Amino acid sequence: MKNRFKKVLSLALAGVMSVSMLAGCGKGDSADGSASKSGKDSVKIGVLVADVSGEEAIGFRNYYEKYIQENYDVTFDYTDALESAEDEKSAIEKFASKGYDAIISLSSSDRAQQIETCEEYGVYYAIASGVLDEEQYETYKGYEHFVGQIGPSNETEFEAGKAMGEHFKSQGVSKVAIYGAFIPNPMHVYRAAGVIAGLGDTYGGTDDMNGMIGQIFGDQAIDLSKIEGDVEVVAYLQGYGDTTTDELNAAIQKAPDAFLSVGMATTFFAQTLSQNDIQFADIDSFTEMNLDSMTNGTLTYLAGKYSSSIGPVFALVMNAVNGNVIRDNDGNAVSLSQGYLVATDVDSFNQYYVTDNGDTPIYDKESLDSIIGDSVTFENIKTLVESK
Amino acid sequence: MSTPKRIIHTLAIPVLVAVVLELLCLTQGQNIITNAKSFDNFVVYTAIVMITTMALSINLNSGRFDFSLGSMAALSSVIGAQITYSLMAGQKGSSFVMLIITLIVGVVLGLISGGIYVILRLPPIITSLGVTLIYEGILYTLTSGKYVMKTVQNNSMSAFVSTWVYAFIIITVVLIFMIVVFEKTTFGYDYLALKSGQKVAINTGIKEVKNALICYGICGGLMGIVGFLNAARNTTINGGQLNFGSIAIMFTAFLPMFIGGYIGGYCNEKVGYLLAAVCMSLLNSTFAVFSNQVTASTQSIINAVLLVVFLIYLNNNNLIKRLFRP
Chain F
1 MKNRFKKVLS LALAGVMSVS MLAGCGKGDS ADGSASKSGK DSVKIGVLVA DVSGEEAIGF
61 RNYYEKYIQE NYDVTFDYTD ALESAEDEKS AIEKFASKGY DAIISLSSSD RAQQIETCEE
121 YGVYYAIASG VLDEEQYETY KGYEHFVGQI GPSNETEFEA GKAMGEHFKS QGVSKVAIYG
181 AFIPNPMHVY RAAGVIAGLG DTYGGTDDMN GMIGQIFGDQ AIDLSKIEGD VEVVAYLQGY
241 GDTTTDELNA AIQKAPDAFL SVGMATTFFA QTLSQNDIQF ADIDSFTEMN LDSMTNGTLT
301 YLAGKYSSSI GPVFALVMNA VNGNVIRDND GNAVSLSQGY LVATDVDSFN QYYVTDNGDT
361 PIYDKESLDS IIGDSVTFEN IKTLVESK
Chain B
1 MSTPKRIIHT LAIPVLVAVV LELLCLTQGQ NIITNAKSFD NFVVYTAIVM ITTMALSINL
61 NSGRFDFSLG SMAALSSVIG AQITYSLMAG QKGSSFVMLI ITLIVGVVLG LISGGIYVIL
121 RLPPIITSLG VTLIYEGILY TLTSGKYVMK TVQNNSMSAF VSTWVYAFII ITVVLIFMIV
181 VFEKTTFGYD YLALKSGQKV AINTGIKEVK NALICYGICG GLMGIVGFLN AARNTTINGG
241 QLNFGSIAIM FTAFLPMFIG GYIGGYCNEK VGYLLAAVCM SLLNSTFAVF SNQVTASTQS
301 IINAVLLVVF LIYLNNNNLI KRLFRP
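Protein sequences, first through last, are from chains F and B. Per the numbering used here, the very first residue in the first sequence carries number 1; after that it's consecutive. Per the numbering used here, the very first residue in the second sequence carries number 1; after that it's consecutive.
Each hint should be verified, as a subset may be incorrect.
[Claimed, not checked] Quick list of the computed label-pair ranges, beta carbon to beta carbon: (1) F:G239 - B:K195: 48 to 54 Å; (2) F:D223 - B:F39: 27 to 33 Å; (3) B:T298 - F:G205: 32 to 38 Å; (4) F:K388 - B:L142: 37 to 43 Å; (5) B:Q198 - F:D219: 42 to 48 Å; (6) F:L224 - B:K199: 57 to 63 Å; (7) F:Q351 - B:I176: 55 to 61 Å; (8) F:D223 - B:L192: 49 to 55 Å; (9) F:Q351 - B:T298: 41 to 47 Å; (10) B:Q293 - F:G205: 30 to 36 Å; (11) B:I179 - F:D219: 55 to 61 Å; (12) F:D223 - B:T27: 50 to 56 Å; (13) B:I312 - F:G172: 51 to 57 Å; (14) B:L142 - F:G200: 30 to 36 Å.
To be clear, the hints were calculated from the coordinates, so they are not data collected in a lab. Values in this document were obtained by computation on a predicted structure and should not be read as measured data. We treat Cβ as the ideally placed atom computed from N, Cα and C, and that holds for glycine.
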């Protein structure tokens, strides 16, 4: 009896272990449950995401799942947090095997491989909230299933960082700490280079964008010994893991006048920085939590995208799935840049937040309907994106 | 050994560590503890390391290798955070409520872990690996793999770690609890007997199963406190710790456990763990001073090297003494 009980318990334990391990194996593939929600004619779009916790990521997700999904016959299926190029490839393959119509990527470990994989499986692919670098775009712009990219260009990212640096320099800061988010993610590299340039400092003897980003890519981080200029960078940290709290505490101990982040600080550090009364800046999005940080905390500068800024990419994908694959005037995949909006106080924050909230996003159904259809052209899309 | 000698031996390592690290910091024109904030961090980190070390040592000293400590800390803190937030929505006093709930959940998780071990009678290293995967799986399911932030980011939580007082109280309470339970109770005597000679102890009528379950329960409770302190300190809990991602918490306690065990040879073992935790916290504060020169990965390497060097010293203690004997 006792042995039998032990056997049953062992089997139960093994079963539970298998389930928990399968939960892990499921990383990068959440295309299970929600796939069954879609009707026969519903468009199924897989969304690749590396960040599932950040304010910007949550804002984007709410827009697609709570607004777009309610207003269009479409089902979005998000991956879990993708940590590597392998995860991204695996997720695309699983979406493809389940018959998804298109992939929208918010993950950037290896976008070139993402495009190649989508091309291989014949699934439409678009990049939201970011772009390929020029060389990559030249390589892939003619791919049949690469629909396009709409988001801040690398130059725009650099300028966003630069504007932040210039803002704080004009405020008279003499020493700052910098959070490099997930460098060598290209978006963060460009922003970080911009911040240094904006502060009036040089990196490795140069303040030229290409000269700086080349070195940062090479260093895979910001090397403080390479920064020279009037504004001292007293601490630098990047990534998020077991040692981040210690690194943040070390940065705070150096008493910087401001903490400048190129992404995710509002998610990870808002509480601690506010508690220590250190003003901080970030490049993120206009969300409720960030409004709270600006109202009650020490967030004093936010360069952000509004959550519905990923609306036009959805329109591009819908058109492609419905047979209208839009190309630019040269016959290539669409590539449009979006800028950042900057808030330095609650009023300016609310100006963007209130107008892009819940049921009334900036890219609402009415504006998206104007760029979804058989007769929509590249010019229609470009005009709308540039007008917002 | 005479009392003064014992005191000297007990304090030798912490004092030596403090002096060496302070001299290193002075080369940068700074001190180990630079301001009030760094002292708060120092005490909170000491509490985390001391409690983790004690939790690790309870089972490891009895030959039970427990990989599930980290997963217990993470899971208990997530459950504690979610229950507390649903009750108090981050209002005043929620940190204390979370501490209590997390502690209780930790005890339950520890008892489950111990129950699986005593029922299956498999090697503890195997069952603890299984338990780790199960707890990590539950953690992932509860959080969808996301960082838990909303439920732990409030003024009550940040106030808890913004002063050294609460961490100091926790250190004191845990230290007294551990000394009393393991050295002044029947359970403690049984534990020591089982540790010294399992077969003989069992033959004298000591109930090993009950003793092991209590050990696992205490371990779980301690890791619940660690989970709470980590959540308050980090202002997040990583819900995506799959495939043994939570094991790292346990490894932070290896070096202090060996140092504490060595110091404990001259004083109370639990006090030894406290002093070892102080040493580790001094090292951590020194890393903060050198944060621009010593990266996080280099710090991990330094910790690992120190562990190896200390183990080499422990295993060759007598040989080294002979070398320096006239």
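Do the hints match the structure? See the list:
1. In this structure, G239 (chain F) and K195 (chain B) break the distance hint of 48 to 54 Å, their C-beta atoms being roughly 41 Å apart.
2. Between D223 (chain F) and F39 (chain B) the C-beta distance comes to about 30 Å, which sits within the given range of 27 to 33 Å.
3. For the pair T298 (chain B) and G205 (chain F), the beta carbons lie near 26 Å from each other, so the given range of 32 to 38 Å is not met.
4. For the pair K388 (chain F) and L142 (chain B), the supplied restraint of 37 to 43 Å holds, since their beta-carbon distance comes to about 38 Å.
5. The beta-carbon spacing between Q198 (chain B) and D219 (chain F), approximately 55 Å, falls outside the hinted interval of 42 to 48 Å.
6. Restraint check, L224 (chain F) to K199 (chain B): a C-beta distance of roughly 59 Å satisfies the suggested window 57 to 63 Å.
7. Taking 55 to 61 Å as the suggested C-beta distance range, the pair Q351 (chain F) and I176 (chain B) conforms, at roughly 56 Å.
8. D223 (chain F) and L192 (chain B) have their C-beta atoms about 53 Å apart, which keeps the hinted 49 to 55 Å range intact.
9. A C-beta distance of roughly 45 Å is found between Q351 (chain F) and T298 (chain B), which places it inside the suggested range of 41 to 47 Å.
10. Between Q293 (chain B) and G205 (chain F) the Cβ separation comes to about 21 Å, which falls outside the hinted range of 30 to 36 Å.
11. The hint said 55 to 61 Å for the Cβ distance between I179 (chain B) and D219 (chain F), and at roughly 50 Å that hint is violated.
12. Between D223 (chain F) and T27 (chain B), the C-beta spacing of about 21 Å breaks the proposed range 50 to 56 Å.
13. Taken as a hint, the range 51 to 57 Å holds for the pair I312 (chain B) and G172 (chain F), whose Cβ atoms sit roughly 53 Å apart.
14. Between L142 (chain B) and G200 (chain F), the C-beta spacing of about 47 Å breaks the proposed range 30 to 36 Å.
The earlier numbered hints that this structure contradicts are 1, 3, 5, 10, 11, 12 and 14.
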